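Asks: Take a look at the letters that make up each chain.
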Amino acid sequence: MPFLEAHNVSKNFGGVQALKDVSLDLPESAVLGLIGPNGSGKSTLLNVIAGVEKPTSGIVKLDGKRIDNLRTNRIIRYGLAKTHQIPKPFSNMTARENLAVAVLYGRRNIHSPRFALEEADRILSMVRMGSRKDALADSLTVQEKKRLELARAIATGASILLLDEVFAGLSPEELKDSIQLFKKLHEELHCSALVVEHVMRAVLSLSQKVMVLEEGRVIATGSPDEIVHDEKVIQAYLGSKNPAT
Amino acid sequence: MVAAELIVTDLAFGLMLGCVFSVVAHGLNMIWGVVKVVNIAHGEFIMLGAYGAYFLNLFAGLTPLETAPVDAAIGLLVGYAFYYAFLHRELRNKETITLQSEMVTLAATFGLSLFVSNLAIILFTGNPVGVNYNPGTLQFGYVRVPLAALYVAILSVLIIMGTWLFLERTFIGSAIRAYAQDVTATELVGANPAKVASLATALGFAVTMAGGALLTVWIPVGINPLMGALYAPISFVIVVLGGPGKMWGSLVGGLTLGVVIDLLQAFTTAQIAYAAAFLILIPVLVFRPEGLLK
Amino acid sequence: MKIEKPGLTLYGLCIVMALLASAALLLGVAVSSILLLLLIYAALAYSINFITGMMGYVDFGHVLFMAIGSYALATLVSYYGANPLLGVGLGALLGLVFALGIGLVILRFRGVYFAIATVVLVLAAYNIVLQFPQLGAGGEIIFNLTFQPLATYFTIWTIVLIEIVLTYYVNRSRIGFGIRAIKNEEDAASSVGVSPRTLKLTGYMLGGLFGGAAGAVYAWSISGVTAGPAFDFTFSLLMLAMIIIGGVGTSIGPLLGAVVVYIPSYFLLTTVAQAQPLMIGLLVIIMALFLPDGIVGLLRRSNQRLRLVLE
Numbered sequence: 397m398p399f400l401e402a403h404n405v406s407k408n409f410g411g412v413q414a415l416k417d418v419s420l421d422l423p424e425s426a427v428l429g430l431i432g433p434n435g436s437g438k439s440t441l442l443n444v445i446a447g448v449e450k451p452t453s454g455i456v457k458l459d460g461k462r463i464d465n466l467r468t469n470r471i472i473r474y475g476l477a478k479t480h481q482i483p484k485p486f487s488n489m490t491a492r493e494n495l496a497v498a499v500l501y502g503r504r505n506i507h508s509p510r511f512a513l514e515e516a517d518r519i520l521s522m523v524r525m526g527s528r529k530d531a532l533a534d535s536l537t538v539q540e541k542k543r544l545e546l547a548r549a550i551a552t553g554a555s556i557l558l559l560d561e562v563f564a565g566l567s568p569e570e571l572k573d574s575i576q577l578f579k580k581l582h583e584e585l586h587c588s589a590l591v592v593e594h595v596m597r598a599v600l601s602l603s604q605k606v607m608v609l610e611e612g613r614v615i616a617t618g619s620p621d622e623i624v625h626d627e628k629v630i631q632a633y634l635g636s637k638n639p640a641t
Numbered sequence: 315m316v317a318a319e320l321i322v323t324d325l326a327f328g329l330m331l332g333c334v335f336s337v338v339a340h341g342l343n344m345i346w347g348v349v350k351v352v353n354i355a356h357g358e359f360i361m362l363g364a365y366g367a368y369f370l371n372l373f374a375g376l377t378p379l380e381t382a383p384v385d386a387a388i389g390l391l392v393g394y395a396f397y398y399a400f401l402h403r404e405l406r407n408k409e410t411i412t413l414q415s416e417m418v419t420l421a422a423t424f425g426l427s428l429f430v431s432n433l434a435i436i437l438f439t440g441n442p443v444g445v446n447y448n449p450g451t452l453q454f455g456y457v458r459v460p461l462a463a464l465y466v467a468i469l470s471v472l473i474i475m476g477t478w479l480f481l482e483r484t485f486i487g488s489a490i491r492a493y494a495q496d497v498t499a500t501e502l503v504g505a506n507p508a509k510v511a512s513l514a515t516a517l518g519f520a521v522t523m524a525g526g527a528l529l530t531v532w533i534p535v536g537i538n539p540l541m542g543a544l545y546a547p548i549s550f551v552i553v554v555l556g557g558p559g560k561m562w563g564s565l566v567g568g569l570t571l572g573v574v575i576d577l578l579q580a581f582t583t584a585q586i587a588y589a590a591a592f593l594i595l596i597p598v599l600v601f602r603p604e605g606l607l608k
Numbered sequence: 013m014k015i016e017k018p019g020l021t022l023y024g025l026c027i028v029m030a031l032l033a034s035a036a037l038l039l040g041v042a043v044s045s046i047l048l049l050l051l052i053y054a055a056l057a058y059s060i061n062f063i064t065g066m067m068g069y070v071d072f073g074h075v076l077f078m079a080i081g082s083y084a085l086a087t088l089v090s091y092y093g094a095n096p097l098l099g100v101g102l103g104a105l106l107g108l109v110f111a112l113g114i115g116l117v118i119l120r121f122r123g124v125y126f127a128i129a130t131v132v133l134v135l136a137a138y139n140i141v142l143q144f145p146q147l148g149a150g151g152e153i154i155f156n157l158t159f160q161p162l163a164t165y166f167t168i169w170t171i172v173l174i175e176i177v178l179t180y181y182v183n184r185s186r187i188g189f190g191i192r193a194i195k196n197e198e199d200a201a202s203s204v205g206v207s208p209r210t211l212k213l214t215g216y217m218l219g220g221l222f223g224g225a226a227g228a229v230y231a232w233s234i235s236g237v238t239a240g241p242a243f244d245f246t247f248s249l250l251m252l253a254m255i256i257i258g259g260v261g262t263s264i265g266p267l268l269g270a271v272v273v274y275i276p277s278y279f280l281l282t283t284v285a286q287a288q289p290l291m292i293g294l295l296v297i298i299m300a301l302f303l304p305d306g307i308v309g310l311l312r313r314s315n316q317r318l319r320l321v322l323e
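Chains as they are written, first to last, in the numbering used here: chain A, 397 to 641; chain B, 315 to 608; chain C, 13 to 323.
Bear in mind the hints are in silico, worked out from the structure with no lab data behind them. On a predicted model such as this, the values are computed, not experimentally measured, just so you know. It is possible that some hints are incorrect.
[Stated by the list, open to error] 27 Å max Cα-Cα, derived BS3-like pairs, lysine-lysine: (1) K461/A <-> K416/A; (2) K408/B <-> K484/A; (3) K484/A <-> K529/A; (4) K509/B <-> K541/A; (5) K529/A <-> K461/A; (6) K529/A <-> K572/A.
[As the list claims (entries may be wrong)] To give an idea of the interface, some chain C residues facing chain A are shown, with a C-beta separation under 10 Å as derived from the structure: (7) R120; (8) R122; (9) S185; (10) R186; (11) F189; (12) A193; (13) K195; (14) A201; (15) G205; (16) V206; (17) S207; (18) R317.
[Claimed, not checked] Sample of chain A residues with no beta-carbon within 10 Å of chain C, all distances over it, derived: (19) F399; (20) H403; (21) A616.
Idealized CB from N, CA, C, for every residue including glycine.
Starting from the given sequences, assemble the full structure and let the hints guide the process.
Replies: Here it is as structure tokens:
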């Protein structure tokens, strides 16, 4: 039985239909890639699943329980967390305090700040940011802020991560490093992930399955290999270039 | 029949009062709409504009209408000074104003409000003064309208229309509108963001101080250092009603408030009228946070 | 809630409070009436600190809670001859209840919209109070009590002590982390499981509760309440100034701010009445633009040891 499932989700903004009848399922410890051109509805889909936006119609279920009528801060308790496309750190708090908030209010509902801070340190060294734990979030580099987003989502204790372009804007070196890190985290944490990404290399090397959105519709689903050879996808999104390069 | 006459008269006065409210709030609206900063000391600059009218009347015999352009010129300079002293550090190199910067500007302009109003008490004493300006009345059917209030109402609408035309029809106006939408877009239009923001702030101050001069017609013995404490909140409500950044929003908000206050006063007390006028803000914020205008 | 071991800041504050208590006992009525007002200022500063200091929601209308407390005590004492302590209790309770009702609506607004809503509510409340003959209809409610400076003094002293300890532990607790997250980035806070609605309401109600209590003691100390001064924005502004100058959100800042705002006022009042607000205005401008963390922030930056100790 699938862990996270969405059935016929649609979302309208005023007259614009951002999502049309999108369905997906994400089994336990799987990674599903979500790609599509700008404005194809990827971020909207993540927002709907994470409870930031309510779907106009359709159902989202987690472990068989409906979550589409819950607020974000309730959904966290079910073990689902989302990163922000543009990092939104708690600027005037240190990196470890940023994570401590997530530990305290996340799925595990911890009450001791001391324990939460220890937990935060552990997760920070897991994402190789241990040396920056006492830096104010505001003073971190863009890459570090992105990594802090990821770490904060993990710190909530989520077993499903919705990652909105965490690999965007990185240099080739940083990208390689981040992909490796993510693979390692995925193995250690046994979490599943829905990865929205522009960087094709990241999506294709991480995901077992890839879904392609265009104008709010799913136009193709399949293994990374199938997707890169799918005519419709090449037409709609990839152009004639070989995406793997 | 008498009741109908009263209501028509109240409506007429409400509309004229609304016009002057609009222009008093309009400067706040321009700054809020463009640079996204709410000047808590707004009321103090209305007060300074009103004192401008008083002193120019006392020493040069100018009427409030003639003072308005003088006040506006002073307001331009004050506005530039205000921008560079209070806002520039917070706004430069930023695409959108952060909550942090918003706190800073709120606190700093709040300090400014304390400073200016108390300096005014020292300089002008706390005794209220007024400008005597009475060009006669005009009879419209059974409604008798003081000409001074009518002139002020017309001038208020002209000022608002003028700022609207300036923003819509001139190059620099379009740069200001671009800044309001998106700071980086200003550069695409080929303008320097700081120059655009400071000009918008200066224009806002010019209108605010001119508005203070026009307001004196309505408060024959009410110019005092603490008058800002009433007109600032009125301006806040008006701008929220109309929607920050919408030039005609000032007029919509001002007329709404003027009519509500004047009509309610006819049926209940002045206190209830003002209480209601202030409380309108809450449902508007809940149900129409973008303001009454689409 | 797990209680952590207290740090130096709390010990320091407790020593100051102990000194304030013994000063009143040893030096008698004259000194205690000066210190009484200082403590009332401090109580107000701590109460607004729960809202503006911790959550970052700028509350220009905090004087509303003070007025509610003042009217609660004045009504109870002058009409029913009740013990003033009961009035303080009622003031606190009404402050809490009003904060709940008002907070449910206006805490939905963010940033400057919240700030403006608080201004408007005070003006509306003032105009409404003027309508009620039972509330003096804009006039005053005065009562005659036997002069009992020490009772008043130790009531407000207790209130401040509770506020200090509460501020200190809230800041260190789970709730403190949540509230700081909201202050930094409200949307991100809810995306990691914080419920902004609940926490903001909690902070706002604490502010209302202590604002009401302090307002009641204030009415007690001046033996009455008058509509104009009770709703005077000057009090709101002084409270804000105190925490901005002292250091927003901290447990030591409000007391520092109260001292800085109050002590000069006591001496300046005799010369030029406007000199005090004038200086405060200037100080607030300088602090806001250049030292957003107030005196506490300045001290922290000046010394590594202080950075770790000052809370």
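Asks: Was the hint right that V206/C lines chain A, CB cutoff 10 Å?
Replies: Since chain A brings a Cβ to about 5 Å from V206/C, closer than 10 Å, the hint holds.
Asks: Going straight from one Cα to the other, do K408/B and K484/A come out at no more than 27 Å?
Replies: holds, 16 Å
Asks: Going by Cβ atoms only, is G205/C closer than 10 Å to chain A?
Replies: This interface hint holds because 4 Å falls under the 10 Å limit.
Asks: Measuring from the C-beta of R186/C to each C-beta in chain A, is the shortest one below 10 Å?
Replies: holds, 5 Å
Asks: Next item in the hint list is A201/C. Is there a CB on chain A closer than 10 Å to its CB?
Replies: holds, 7 Å
Asks: Is the hinted pair K529/A and K461/A satisfied, with a Cα-Cα distance of at most 27 Å?
Replies: At roughly 37 Å apart (the allowed maximum being 27 Å), K461/A and K529/A break the hint.
Asks: Would you check whether the claim that A616/A is not at the interface survives, using Cβ distances to chain C and the 10 Å cut-off?
Replies: Correct as stated: the minimum Cβ-Cβ distance to chain C is 30 Å, above 10 Å.
Asks: Within a Cα-Cα threshold of 27 Å, do K461/A and K416/A meet the stated pairing?
Replies: holds, 22 Å
Asks: Please check whether S185/C passes as an interface residue: C-beta within 10 Å of a C-beta belonging to chain A.
Replies: holds, 7 Å
Asks: At a threshold of 10 Å, is the proposed contact between K195/C and chain A supported by beta-carbon distances?
Replies: holds, 8 Å
Asks: Does the claim that F399/A lies off the interface hold, with its Cβ farther than 10 Å from every Cβ of chain C?
Replies: Holds, since 19 Å exceeds 10 Å.
Asks: For the pair supplied as a hint, K484/A and K529/A, is the alpha-carbon distance within the 27 Å limit?
Replies: Since the Cα atoms of K484/A and K529/A sit roughly 17 Å apart, the hinted pair holds (cutoff 27 Å).
When each numbered hint is compared with the structure, violations occur for hints 4, 5, 7, 8 and 18.
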